[in-house]
Amino acid sequence: MEATKKDQFIVSVSPHVKSDETTSRIMWTVSIALMPAFLAGMYFFGLKGLFVTLLCIASCMAFEKLYMSWVGKKAPISDGSAFLTGLLLGMNMPASLWSFSPFLLHVPVIASFVAIVITKQLFGGLGFNVFNPALIGRAFALISWPKAMTVWNEPAAAFFAMDAKTTATPLGILKEEGVSKLIETFGDKTNLYIHLLTGNRAGSIGEVSAAALIIGGIFLLYKRYISWHIPVSFLASAAVMAFVFGGKDAATGNMVLFAGDPIVHLLSGGMMLGAWFMATDYVTSPSVRNGQILFGIGCGFLTMLIRLKGGFPEGVMFAILIMNCFAPLIDRGFRSKVFGAVKQEKAKESK
Amino acid sequence: MVLHYGLFLASQYPKEEIFIMGTVTFKGGIHPPDKKDLAANAAITEAKAPKIIVIPLSQHIGAPCNAVVAIGQEVKKGQVVGEPSAFVSSPVHSSVSGKVVAIGEFPNAMGRMINSVVIENDGKDEWTALKDNPDYMGLSADDLKEKVKAAGIVGMGGAAFPTSVKLSPPKEKKIDAVLINGAECEPYLTADYRLMVEKPQEVVEGLKVLMKILGVDKGYIGIEDNKPDAIAKMTAAASKEQNISIITCEVKYPQGAEKMLIKAALGREVPPRALPMDVGVVVQNIGTALAIYEAARFGKPLIERVVTVTGEGINQPKNLMARVGSKISDLVGECGGLKDGAAKVISGGPMMGFALSSLDVAVTKGTSGILVIPGDQVSHTDEFGPCIRCGRCIDICPMGLMPSILSVLSEKGFYEEAKEYNLFDCFECGSCAYVCPSKRPIVQFVRLAKSMVKP
Numbered sequence: 001m002e003a004t005k006k007d008q009f010i011v012s013v014s015p016h017v018k019s020d021e022t023t024s025r026i027m028w029t030v031s032i033a034l035m036p037a038f039l040a041g042m043y044f045f046g047l048k049g050l051f052v053t054l055l056c057i058a059s060c061m062a063f064e065k066l067y068m069s070w071v072g073k074k075a076p077i078s079d080g081s082a083f084l085t086g087l088l089l090g091m092n093m094p095a096s097l098w099s100f101s102p103f104l105l106h107v108p109v110i111a112s113f114v115a116i117v118i119t120k121q122l123f124g125g126l127g128f129n130v131f132n133p134a135l136i137g138r139a140f141a142l143i144s145w146p147k148a149m150t151v152w153n154e155p156a157a158a159f160f161a162m163d164a165k166t167t168a169t170p171l172g173i174l175k176e177e178g179v180s181k182l183i184e185t186f187g188d189k190t191n192l193y194i195h196l197l198t199g200n201r202a203g204s205i206g207e208v209s210a211a212a213l214i215i216g217g218i219f220l221l222y223k224r225y226i227s228w229h230i231p232v233s234f235l236a237s238a239a240v241m242a243f244v245f246g247g248k249d250a251a252t253g254n255m256v257l258f259a260g261d262p263i264v265h266l267l268s269g270g271m272m273l274g275a276w277f278m279a280t281d282y283v284t285s286p287s288v289r290n291g292q293i294l295f296g297i298g299c300g301f302l303t304m305l306i307r308l309k310g311g312f313p314e315g316v317m318f319a320i321l322i323m324n325c326f327a328p329l330i331d332r333g334f335r336s337k338v339f340g341a342v343k344q345e346k347a348k349e350s351k
Numbered sequence: 001m002v003l004h005y006g007l008f009l010a011s012q013y014p015k016e017e018i019f020i021m022g023t024v025t026f027k028g029g030i031h032p033p034d035k036k037d038l039a040a041n042a043a044i045t046e047a048k049a050p051k052i053i054v055i056p057l058s059q060h061i062g063a064p065c066n067a068v069v070a071i072g073q074e075v076k077k078g079q080v081v082g083e084p085s086a087f088v089s090s091p092v093h094s095s096v097s098g099k100v101v102a103i104g105e106f107p108n109a110m111g112r113m114i115n116s117v118v119i120e121n122d123g124k125d126e127w128t129a130l131k132d133n134p135d136y137m138g139l140s141a142d143d144l145k146e147k148v149k150a151a152g153i154v155g156m157g158g159a160a161f162p163t164s165v166k167l168s169p170p171k172e173k174k175i176d177a178v179l180i181n182g183a184e185c186e187p188y189l190t191a192d193y194r195l196m197v198e199k200p201q202e203v204v205e206g207l208k209v210l211m212k213i214l215g216v217d218k219g220y221i222g223i224e225d226n227k228p229d230a231i232a233k234m235t236a237a238a239s240k241e242q243n244i245s246i247i248t249c250e251v252k253y254p255q256g257a258e259k260m261l262i263k264a265a266l267g268r269e270v271p272p273r274a275l276p277m278d279v280g281v282v283v284q285n286i287g288t289a290l291a292i293y294e295a296a297r298f299g300k301p302l303i304e305r306v307v308t309v310t311g312e313g314i315n316q317p318k319n320l321m322a323r324v325g326s327k328i329s330d331l332v333g334e335c336g337g338l339k340d341g342a343a344k345v346i347s348g349g350p351m352m353g354f355a356l357s358s359l360d361v362a363v364t365k366g367t368s369g370i371l372v373i374p375g376d377q378v379s380h381t382d383e384f385g386p387c388i389r390c391g392r393c394i395d396i397c398p399m400g401l402m403p404s405i406l407s408v409l410s411e412k413g414f415y416e417e418a419k420e421y422n423l424f425d426c427f428e429c430g431s432c433a434y435v436c437p438s439k440r441p442i443v444q445f446v447r448l449a450k451s452m453v454k455p
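Protein chains in written order, with the numbering used here: chain C, 1 to 351; chain P, 1 to 455.
Just so you know, these hints were derived from the structure itself, not from any lab.
Keep in mind that this is a model prediction, so the values were computed, not measured.
We put the beta carbon where it would ideally sit given N, CA and C, even for glycine.
Be a bit skeptical, because a hint or two may be false.
Think about it this way: if two alpha-carbon atoms lie no more than 27 Å apart in a straight line, the pair counts; the simulated DSS-like pairs of lysine-lysine are [said to hold, decoys possible]: (1) C:K337 <-> P:K27; (2) P:K439 <-> C:K223; (3) P:K412 <-> C:K337; (4) C:K337 <-> P:K173; (5) C:K337 <-> P:K339; (6) P:K439 <-> C:K337; (7) P:K439 <-> C:K65; (8) C:K73 <-> P:K412; (9) P:K450 <-> C:K74.
The following label-pair restraints were derived from C-beta to C-beta distances [unchecked claim]: (10) P:K27 <-> C:I218: 21 to 29 Å; (11) P:E198 <-> C:Y222: 39 to 47 Å; (12) C:I194 <-> P:N41: 39 to 47 Å.
Please put together the full structure from these sequences, using the hints given.
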């Protein structure tokens, strides 16, 4: 029996067993974790939100496939990364882009092209991109069509309504008119927090419901697809910044230290989506845990710097993109210590 | 006998970090399914002595032996057939009585051609004259060491490093502890477990011999806590020994790697590129301890060992006491043969063992297991994706390396740069490749880089 069998044995390098974790399972699980926030977006922005997101997903997957067949590689559509990029990109766009007059559908498509082809594939494909593809796609769209990208539909909670009223985002109100106006808009403080948590406010399709995003983030933590290091340091540093520097004298408009409202800042804008789902992107964040804390602090700091001092009401996107540049450097600086080396160094010092 | 449980250790080494809990361990590591239940309850059975025995003259790390028998010569069981040619080497003995029929090159388990002595078994099992020593503990350390050397004992956990060399540390290295490795962290394998359950007293005696040789008064036996009956048996066997402690280690791969076990059991960290002796420890495997006892007590050379034949692709998983030089096909036959669909045969465990291309190779002193994996469980390494920098491998690397970066650097041919990421501190445990979601053959990349640059 051996004589006939022996030529058939598979010979490969150890280890011979592997975990059942795969890249595509990670991508699809992250997509699933985004579903609560996505559904909340569907609830508030209806079909328009759905169409914009689907357009992004379809464009991203199509561009991935086209590029791969153009360069003659096997298209790994099934790895789910293009789907996830499309989903994130769509969730980062205003629902108002689903509009035929003026015609705006080219915006999501071109943003998808920038995300997949320029940001990801031209840098070497999955694993080699420096910047978060979905965020570069969005940044490109925001800079190229600043007006179209900042028209915010009112959360109508009417699924089939295609003509929504427009309004300002909470961060927009905060920036232009101050916190008292923001509270006034929503009735009272509690009501404001509730609206921010549930997502009943203007904003990008997938960013509005802080509660849904937290649920998704905790799901990822529980599944150990992400660790606490980036989200916690991101949110904590942003909260500290918001508390220390976010206060404003209502009459003069001057900064009042230690009087800011961190909760408003944490729950509004793209903070939750950014901290749980964008900054934690494996490829564009540091891999070493201690380095991730520095990365998160940098994201939180820059976000608040832009929100409080910059020209834009929202800073999450640029903060993460700036920190993306530093990820390789952080990994280098926080290189893990070889087993035994720490003790050796201490011993040398004591000698 | 002092039970460890942290506090005792803490009093011994107050300055070192010790994980004071029921079990001890190291940082990092993985939890692959242990699959030990396939063979764990199969008591050790004697494998039939095969008709033909092929004894490789190099079964260990170090210089190969020179054959000291000639074709046609009659040999007894236990007779020396190969003498060591250098300090780092170990003699080999015949595991049957019979006639030398050939001396020549035969492939070993790794496919390399090794000079070997082929003996035709006469079926009489006649022993060569062995020197019995009922009072072996009365012998001097040097005499005992000589017995270990003459018995051809090597590390039986897989690496097969000549034990006598380990027992001869340079004068400036003070050894103060002997640690017996009963972790057996490789999934599937149960050889050491069976020995601990069936021959605990002999293992303890082996440890005492080791302590005597090294002039050490502290002995430890580290066992993973998925083997509670082994812990119970060993604890009972060592109950009269004041200076031997049983240490319960957390179930985690690679708990049985020397450096990890020393860290877990004694709280000492072996510096990079250093050896256990640099922190005053000598580590020996369970099987080795038994062989040492048998060498000291009966003068018996290392001619047989326990081999776990297991896996979902074998009909009757067993723990066989197999003669060195048996063919792997003999052992497979003894276990009811391969099941249909058996696709991969591994010598050793699934994490660090190596795949065999043929069953027509000899069992050596380092063969701890034969693992047969069916086709549907084989993970193909030719289909792997790019590193997505998820950091899982960095989290679990027991050596604190960055396997992801090593694999990317090696893939792109930056071998010198890989060296700066501590390439040569990797001992290829395979934990990184186990957790990698992109299924990257990280161990292969590391080996490639190691072969391309000087340490």
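Verdict for K27 (chain P), I218 (chain C) (Cβ pair) under range 21 to 29 Å: About 26 Å separates the Cβ atoms of K27 (chain P) and I218 (chain C), which means 21 to 29 Å holds.
Tell me if the straight-line CA distance from K337 (chain C) to K339 (chain P) falls inside 27 Å. Violated: K337 (chain C) and K339 (chain P) sit about 45 Å apart, past 27 Å.
Has the hinted range 39 to 47 Å been met by the Cβ atoms of I194 (chain C) and N41 (chain P)? violated (60 Å)
Distance restraint between K439 (chain P) and K223 (chain C), which requires alpha-carbon spacing of 27 Å or less: holds (19 Å)
Please work out if K337 (chain C) and K173 (chain P) have their alpha carbons no farther apart than 27 Å. holds (26 Å)
Do E198 (chain P) and Y222 (chain C) keep their Cβ atoms within the hinted range of 39 to 47 Å? holds (43 Å)
When you check the alpha-carbon spacing of K73 (chain C) and K412 (chain P), does it fall within 27 Å? Roughly 18 Å separates the two Cα atoms, so the pair holds.
Straight-line Cα separation of K439 (chain P) and K65 (chain C) no greater than 27 Å? holds (22 Å)
Between the alpha carbons of K412 (chain P) and K337 (chain C), is the straight-line distance 27 Å or under? With a Cα-Cα distance of about 24 Å, the restraint between K412 (chain P) and K337 (chain C) holds, given a limit of 27 Å.
Given the hint that K337 (chain C) pairs with K27 (chain P), does the C-alpha gap stay at or below 27 Å? Holds, at about 12 Å.
For a C-alpha distance cap of 27 Å, please report whether K450 (chain P) and K74 (chain C) respect it. With a Cα-Cα distance of about 31 Å, the restraint between K450 (chain P) and K74 (chain C) is violated, given a limit of 27 Å.
Please verify whether K439 (chain P) and K337 (chain C) have alpha carbons no more than 27 Å apart. Distance of about 25 Å is within 27 Å: holds.
Violated hints, in rising order: 5, 9 and 12; the structure is consistent with all others.
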